[in-house]
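Trainee: Protein chains in written order, with numbering that gives the first Met the number 0: chain W, 0 to 506; chain X, 0 to 485; chain Y, 0 to 121.
Rather than coming from a laboratory, the hints here were simulated on the basis of the structure. No incorrect hints appear here.
Some chain Y residues near chain X, calculated using beta-carbon distances under 10 Å:
(1) 97
(2) 104
(3) 113
(4) 114
(5) 115
Restricting the straight-line Cα-Cα distance to at most 20 Å, the calculated cross-link-like pairs of lysine to aspartate or glutamate (EDC-like) are:
(6) 484/W to 272/W
(7) 114/Y to 35/X
(8) 473/W to 54/W
(9) 110/W to 441/X
(10) 264/X to 196/X
(11) 164/W to 441/X
(12) 264/X to 192/X
(13) 116/Y to 35/X
(14) 106/W to 28/W
(15) 162/X to 233/X
(16) 114/Y to 108/X
(17) 25/W to 450/X
(18) 155/X to 233/X
(19) 116/Y to 108/X
(20) 106/W to 441/X
(21) 294/X to 367/X
(22) 115/Y to 108/X
Beta carbons: idealized from backbone N, C-alpha and C, even for Gly.
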Amino acid sequence: MNDLPFLDLTLFLPLVGALVMVLIPKRWEALLRLAALVVTTATFVASLGVLASFESGTPGFQQVTELSWIPEWGIGYITGVDGVSLWMIMLTTFLMPLCILTSWTIKTQVKPYFILLLTLETGMLGVFSSLDMFLFYVFWEAVLVPMYFLIGMWGHGRRVYAAMKFFLFTLAGSLFMLLSILYLYFASQGSAAAPTFDYRSLVGTPLALEVQILLFLGFFASFAVKVPLVPLHTWLPDAHTEAPTAGSVMLAAVLLKMGAYGLIRFGIAFFPDAARLLAPAIIALAIVGILYGALIAIVQHDVKRLVAYSSVAHLGFVVLGLFVGTIQGMSGGILQMLNHGLSTGALFLLVGALYDRRHTREISEFGGLARSVPVLAGIFLIVVLSSLGLPGLNGFAGEFLVLLATYQSYGWWVIPATFGIVLAAIYLLWAYQRVFHGAVSIEANRNLEDFRMREYVMFVPLVALIVAIGVYPKPFLERIEPSAKQIVRQLNDASVIPETRGLAEAP
Amino acid sequence: MQGALTSPVDWHAIAPELVLTAFACLVLVVDLFLAERAKWLAMPLSAIGVLATGAATLSLVGSERTTLSGSYEIDAFALLLKGLFCVIGFIVLAISFDYFRSGIRYQGEYYFLLLCSLLGGLVMSSARDLVTIFIAIELISVPGFIMTGLRKGDPKSNEASLKFFLFGVLSTAVMLYGMSLIYGLSGGATRLDRIREAIDGSGNEPLVMLSVFFVVVGFGFKISAVPFHFWAPDTYEGAPSPVAAFLSTASKIGGFVGLLVLMFKAFPEVADIWRPVFAVLATLTMTVGNLIALKQRHIIRLLAYSGIAQSGYILVALALIDPSSPGVSRQALESALVYIAIYAVMDLGAFAAAVAYARRGGTYFIDDYAGLWQRSPVLATLLTGFLLSLAGAPPMAGAWAKLFVFLATINAQVYWLAVVMGVNAVIAAWYYLAVVKRMFFEAPELEGPVEVPYFLRAVMGVAALALLVVFIYPPVITELAERSIL
Amino acid sequence: MARSYFSQYLTIGLFLVVSVGLVMGTLQLARLLRPNVPSYEKYTTYESGIDPIGQGWAQTNVRYYIFALLFVVFDVEAVFLFPWAIVFERLGTQALIEMVIFIAILALALLYAVKKKVLDWL
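Put together the whole structure using the sequences plus the hints.
Mentor: Below is the structure:
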């Protein structure tokens, strides 16, 4: 059982599915939907195999596959999971079938839509599981293309603008990352026999501090755009708002995590000294992000835009956790990545459900919906509460750990961060109140259809997971912690004093 | 000289050229005896000729030999490029078929000229002698002048032809002047290896510099590097589009091959002189090409400017060459070869799609690409594939082409050039995506489906598939390139 | 070496100056020596003793360019043929075959011209 390469199976099932779907005639829309659902569910099952064969308590990479790809450049196909990537992979595969289900309402261009979604899944999973820097970069870029089309073709309103902005922002960031990766590749020539892109050999490459800072900033440019950290966030509200529901879910739940994941896996692991040095600045940015995102969210009159800005705030917590330099912070940050994926993903799905019923996202167009759609309102409430970190639901564990760690390492810095939680309560509950409570002022809101079977299927597992993590986070944390511990050790271990390999002068 | 005249010729070594020459003549003669309705048969005949040339090239694989007393060399480098020229020729033929069959009277002459120009490319791949290089570059260009003007009734075509001709002649004159200086300097040597020996340690720096400068400027016109690019967009726009496709690939690559061979074989000892020149040229070419491309509304002009920008990346490889560290030079040359090969296929693909669309229910204006996805999903998908590849995005081979140039640049520790390339890649992505955006995100303004001829569709499909395969398994091309180092 | 290289150009330059000077000098000298009696007859264009008729601007039929082209074809052929003929005996059969190919290609051009009816006048 353990011999089955579950990880690679998970990685390529969606792509194979997409290729098969190319052969299905585009008129058979029902079959296409069903096929997409079957493929993503099968992928989820395969990823359960990854989870089952994951050994908790060990920090290193597991289930590693190693194949040669371009041997002369030291580029290989290397994949593996550890505690950091495991939950990201699970999150992706778990949310994907839900995205397919919520896309049942897509009526135009069904075939390319599902094919792009499946390709996107392979791209995202590839980002989380590749252990070869080149492979990572290729997947990183590969995610861009399907997302660009998803936003541009099936989005709303200013979709074209949003799609272009998304693409160019991310591309610009990732090119700096590429330069850093390539520099690292040649720097590894010193420590290894031949230069390599293998992540495991690259970690611990000795670099002079000023080189570390430059390279770190190269990676940071790419990841900070993706996370996003203020002031590089401006693509996010546009992209999230204009994307179709499934696209918004994937953007918020997974694509943003790619940035945070990159910061952990590469930013901190490759350049611990630079990360340590720059940590206060990054933490400051994170706190600014928390407050800024929350304050902007309060004044939004578009539900989806509100959720989008709440992501800016929540991801601020994640980055805060990653850089405070303690195990609680790191574990909390990683757990918060998972939680934000679930909660915000669920919020976008719910906003999508509202949009399908009313074809508007303006808060003022709603009001008193709790009477016509009680189930939807109830689930919305649970998700809102989880998003603002109510104890007993998933959001609490992560945010609590992050704040605790911030207090331990940075003292009073925790105050503005905590204020972010209060603000979250304000914008989320206020929006909830305006949408679901009060008098029904608009006739169209009176007789809305409540959840259908398809939607029950979507939300029951989501809510179950939200509650499960809130009540019993141990199985999640115990798989995260060994890896978190190792990364924190790398971050704090100042003994890695580099042999100087400075930036040589350009001719 | 007596020896040169009587030395036996290695007929097998020049078999590809002979086959192509024979077919070119055959096309010309057969065309004379064909009825007006049957003139299109010249195209299948030419295609057979190109395939036969390819076969002759394949029969030489694995052999290394020189003939014509050292001025003609068959090695992996030459064979790779000959193969590439055959591929280019075949794709251009596929693009031309529909275009010339309906509309232009001079079909037979066109195919004859095309084969002649292609022959120039084949000769260039093997030329290791100043005179041979000169003849090759002229053999590529001169038929090009005529092909550009084939749409006699169209003033734009005439303008294009005249511009191309004047700039071509000017560049030839400049190049020839440089070459004559070299000839004088090296004491009457024309073979590149002799020139290299003569220049090395001749202590004649200013003159060597001057002659290299003239040669580079001459080639700069041929490869339309900024600031010698002015003719290119007008010429491409006015020329029959398949000819524009040919000029932007075969003709340009011919120039690059000549430049690579000269710089590697004749002037490596004075690399310090010309390396910065290429760095500046590369920067200018990339940046100016991209910035002007941003404003284009005509797809052929867009491809022309983007092609200018793309050649900047190949120039980067020339700016990295350093005889004192063979590893860096090797990698630079390898990346240039990979780039050339991938560029040829993806650029031709984009041209093919543009021609197919303009001929079947569309125009050349980018605005009219709106909603192409709904009118012809196949064409829109293929064109998107080629444009993404040109932009250097996965999942197409263009990503690797750019990555290898980056890799070589970082290895040579020329970081500023890498940053310039990075910024340019983003600018380029903008205008490529602008076309994609129109095709997919906007509603169609023109009506009716777009039916691409089956043959052209098949060729485009194979080209796109090839780019995809190279992306998935790049050793297909990198190993070839690695073996083909000069 | 550079100096000697340039000094060769100097020789050419001197040669140019002297040759141009010689021509100009002779013309000026003639001007000084000859009598100067202008008349209408002397100022008309010289056309072998016949009185000039019409404008100096005359048009030629464009179709002559084809003859010019064909003339170049065979003119160039001759340029190659003469040196070849001189050393032909020493070069042997291979040279013969090569020259036959060369002439055959030129013959193709002629064939082309004939089939395109450029030799049919009007």
